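Fit chain B to the supplied structure of chain A, relying on the hints for placement.
Below, each chain spelled out in residue letters.
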Amino acid sequence: MNNPNIMRKIGKYEFKDEATALAKIRALGVDTDEDGNEYPTHKHCVVKLGNIVLQRGEYDEEGEEITPPVLSDKYHLDVAWDLHDSYDEEGNLILADHPHGWKSASVDIDSEGVHSFYGVSYLDNKL
Amino acid sequence: MSQANDASILLIPTAYKTSKVYSVFPNDGNGDFIFSRSGKATRINANGFVEEMPSNIPRMDYSDGNCSALLLEQSSTNLFTDYLGVSGYSGGGSGSFGVTANFAISPDGTQNATKLTATTGSRQHKQDIAVIGDNTISCYLKTNTGTKQIRLMINDTHRLTVNVTNQWQRFETTTNVTSIIGSGRCGLVSLDILDDNQYILVYGLQLENQSQSTSLIPTTTVAVTRFGETCLSSAATDPSIIQNDEFTLFCHVKDITSTLSRISLNDGTGSNKYQFNFSSAGEVYFSTVIGGASVTNHFQSGLGSEIKVAVRVENNNRKMYVNGQVASIINSTLLNSSLLTDLDLSQTSTSLPFYGKLKRLDYYNTPLTDAQLLALTQ
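Order-wise, the sequence lines are chains A and B.
Residues in the first sequence are numbered from 1 upward in steps of one, following our numbering.
Residues in the second sequence are numbered from 1 upward in steps of one, following our numbering.
Be a bit skeptical, because a hint or two may be false.
Some chain B residues judged to face chain A by a derived CB distance under 10 Å, without partners named [what the hints assert, rightly or not]:
id, residue
1, Thr42
2, Ala46
3, Asn47
4, Leu84
5, Val86
6, Gly88
7, Gly121
8, Gln124
9, Pro218
10, Val224
11, Asn277
12, Ala281
13, Ser351
Quick caveat, the hints were computed from the structure, so don't treat them as lab data.
Quantities reported herein were computed from a predicted structural model and do not represent experimental measurements.
For each residue, glycine too, the CB sits at the ideal point set by N, CA and C.
So here's chain A without its partners, still in its complex pose (with noise of 0.2 Å):
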């Protein structure tokens, strides 16, 4: 049975570029304090990645590039995502998901990827 109280659910997104994804960070929230500063209103936490090496580069013993690395050319993040499962009227589980128009950006892969969360397997937690 799912727990209703598990704080933290993973996911791997790309967009077309990082005008895109700051947009879509921003859109989770903001807010400005009685001092001017800027600050999330959420408690999700957001990892840029950007264009991430899809294949690494190989080097000569002096470092000298012999094969470049290959870069995605869409700008990536990982989310650790603070939502909750909730439940209906009727007591039935209504499993958490994606805030409003990330769902299009999400790739669901299966390994760990690029960067992983510490302690929290985005495989065993994956949204």
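Just chain B now, with coordinates in the frame of chain A:
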């Protein structure tokens, strides 16, 4: 008798359990703090070793010696994909290092430190991982005997020479990267010759997109992110403890790792609060916010990494002492103390947490005397 015995809330962080940090006073639990961190994190334990702590276990850190402090940190990512410096590294410059895994006892007390040798200077042991913005590289280094020099490298061009002795030390350097150079090479560069007779051991390689290092984040094959932490809601079950018009608040903090590190008496929203703000630049200010507007500020800069600060709040009189000196006196009205619901190591329960080491936090339900403020902050 110690002044601390008169505190309504006294936090000297030593006792904890999962998701909780116990206050000394009150002893009915109403002053305890709720702690939260998803996933693991490391600390320096009482024996001086790097130790991994499970999810939601507060970290009492002993990196300063025998006295522990509550270590609270922001989320951070170690971009090196192997913190032991074995896998995924390549040579550069005049060549590569000789690498022997699991060669010696490391700062975590196990046989996993890596031996490095270099037959010439200017050899590199690096990964191409620099990012735009602040980059901080840190690692533990020691020699088997004597002293040797080696360089820490960020983005190919920023290099810091360090003197490595036969005692484990954690070294770090920071630079702001505005454009990636040399594929963003980060790692170690040989300076002295290192051979089987005199070599360097490395452990805990870490590159963070931060202005200073944070606690060690182990990695094995990919970059890893440690979650941020919060410590909140003392007095939430009995707000009357903190609903005093006149009071004294004292904090002893160290090694602030954020420009917006806050401790507040607040109403749950942040619209009404008394608040300490600490910065990693050695600054502190105490503000009174009424209806979302900051009405008074006490400010003190030029402080070191360790700050003892106390504020006495009375009607039309605030007095702040910092590190044994009067920092400022301001005339100001009080906020409505009946609005206060929480004492948080944060601005509110949802924003701008305190990041650094907390050694002590006192709340007194009366204004202390000048002599008492002086004694607390010395």
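Hint check results:
About 9 Å separates the beta-carbon of B/Thr42 from the nearest beta-carbon of chain A, less than 10 Å, and the hint is met. Hint status for B/Ala46 relative to chain A: violated, with the closest Cβ pair at about 22 Å, above 10 Å. The closest approach between the C-beta of B/Asn47 and any C-beta of chain A is roughly 22 Å, which is over the 10 Å cut-off, so the hint fails. Taken as an interface hint, B/Leu84 does not check out: its beta carbon lies about 16 Å from the nearest beta carbon of chain A, beyond 10 Å.
A least Cβ separation of about 16 Å between B/Val86 and chain A goes past the 10 Å threshold, and the interface hint is therefore violated. Because the smallest distance between the Cβ of B/Gly88 and any Cβ of chain A comes to about 8 Å, under 10 Å, the interface hint for this residue holds. At about 14 Å, the closest approach between the beta carbon of B/Gly121 and any beta carbon in chain A exceeds 10 Å, and the interface hint on this residue is violated. For B/Gln124, the suggested interface contact is upheld, since its CB lies about 6 Å from the closest CB of chain A, less than 10 Å.
The criterion of a C-beta within 10 Å of any C-beta in chain A is met by B/Pro218, whose closest approach is roughly 8 Å, and the hint holds. Against a cut-off of 10 Å between C-beta atoms, the interface hint on B/Val224 holds, since the closest Cβ of chain A lies about 5 Å away. Of the supplied interface hints, the one on B/Asn277 holds, with its beta-carbon coming within about 8 Å of a beta-carbon of chain A, less than 10 Å. Look at B/Ala281: its Cβ only gets to about 15 Å from chain A, farther than 10 Å, so that hint breaks.
Residue-level restraint check for B/Ser351 holds (minimum Cβ-Cβ distance to chain A is 5 Å; threshold 10 Å).
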